[in-house]
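When you get a sec, could you build the whole thing from the sequences and use the hints?
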Amino acid sequence: MRINLTSVSVDDQAKALRFYTETLGFRLKHNIPLGEYAWITVVSEESPEGTELLLEPAEHPAVRRYRTALVEDGIPLASFAVDDVEAEHERLVAEGVRFVQPPTDLGTVITAVFDDSCGNLIQITEEKGQP
Amino acid sequence: MDIYRAIADRTRRAILDELVDRSGQSLFELCGRLIMKHGISSSRQAISQHLDVLEAAGLIRTRREGRSKLHWFVGAPLKAIGERWPIATDEDTSNPTEEGIEE
Numbered sequence: 001m002r003i004n005l006t007s008v009s010v011d012d013q014a015k016a017l018r019f020y021t022e023t024l025g026f027r028l029k030h031n032i033p034l035g036e037y038a039w040i041t042v043v044s045e046e047s048p049e050g051t052e053l054l055l056e057p058a059e060h061p062a063v064r065r066y067r068t069a070l071v072e073d074g075i076p077l078a079s080f081a082v083d084d085v086e087a088e089h090e091r092l093v094a095e096g097v098r099f100v101q102p103p104t105d106l107g108t109v110i111t112a113v114f115d116d117s118c119g120n121l122i123q124i125t126e127e128k129g130q131p
Numbered sequence: 001m002d003i004y005r006a007i008a009d010r011t012r013r014a015i016l017d018e019l020v021d022r023s024g025q026s027l028f029e030l031c032g033r034l035i036m037k038h039g040i041s042s043s044r045q046a047i048s049q050h051l052d053v054l055e056a057a058g059l060i061r062t063r064r065e066g067r068s069k070l071h072w073f074v075g076a077p078l079k080a081i082g083e084r085w086p087i088a089t090d091e092d093t094s095n096p097t098e099e100g101i102e103e
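Protein sequence lines correspond, in order, to chains W and D.
Under this note's numbering, the residue at position 73 of the first sequence is numbered 73, and the numbers go up by one with no gaps.
Under this note's numbering, the residue at position 53 of the second sequence is numbered 53, and the numbers go up by one with no gaps.
Think of the hints as simulated: they come from the structure by calculation, not from any bench.
You can trust all of the hints, since none of them are fake.
Derived coverage of chain D by chain W (criterion: at least 3 residues anywhere in the stretch with Cβ under 8 angstroms from a Cβ of chain W; other residues may be distant):
no., region
1, 33-43
2, 65-79
Chain D residues, not near chain W, derived (Cβ > 10 angstroms throughout):
no., residue
3, I3
4, D52
5, V53
6, A57
Each computed SDA-like pair below joins lysine to any residue, with the alpha-carbon atoms no more than 20 angstroms apart:
no., chain 1, residue 1, chain 2, residue 2
7, D, K69, W, D115
8, D, K37, W, T108
9, D, K37, W, P102
10, D, K37, W, E126
11, W, K15, W, R27
12, D, K69, W, R98
13, D, K69, W, R64
14, D, K69, W, I122
15, D, K69, W, T68
16, W, K128, D, K37
17, W, K128, W, I110
18, D, K69, D, L34
19, D, K37, W, I75
20, D, K37, W, T125
21, W, K128, W, A87
22, D, K37, W, P103
23, D, K69, W, S117
What you are looking at is a predicted structure, and each value in this text was computed from that prediction instead of being measured.
The C-beta atom is built at its ideal place from N, Cα and C for all residues, glycine as well.
Written out as structure tokens, the structure is:
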């Protein structure tokens, strides 16, 4: 068994596709129209054959309540690995991304949390002390 | 809630330490700092209750930023301690210790 797909629920799929590709730098993998919505997945440029991230429409009322509660407490819906949290923070702030938690050294990891402008908080992490 | 009860708890003191380190933290960030820096692995609900106690004592304030609720340390109520037991100017204040105020 492998994890090939995970998802974030987004307010607006077109806006989310722009943010996740143009701002974050992921690559579009699938964009299949499915009536009102589309099956949109992105992958990391560093591992295009790796896990796909589905940009799923947040249409279910329970999804909205769930996301509202998470955002209120600052809890990220997804977490991405980066080589340098400080550098990504600087780059994304320059792109106009709003961080709710600046780079924070937690001992074994450095983390930061930003608003994806599509209704979610996203964490980026850098593991320290890797060879 | 009086400030003496509010600070008579190791976890609540650690929360204040972390909010002094950085103002405007979410519950998520605070919980991450408490577990990684202080080894305090209480549930989010438990930390949320500690925050309610600190807020009732006037030691923290909350504000919404975007759709997130963030927490700030407010030191003013602690002035009451120094006013009640003022430190004499000729007093030896070296070697301050936290011993003896554990709950």
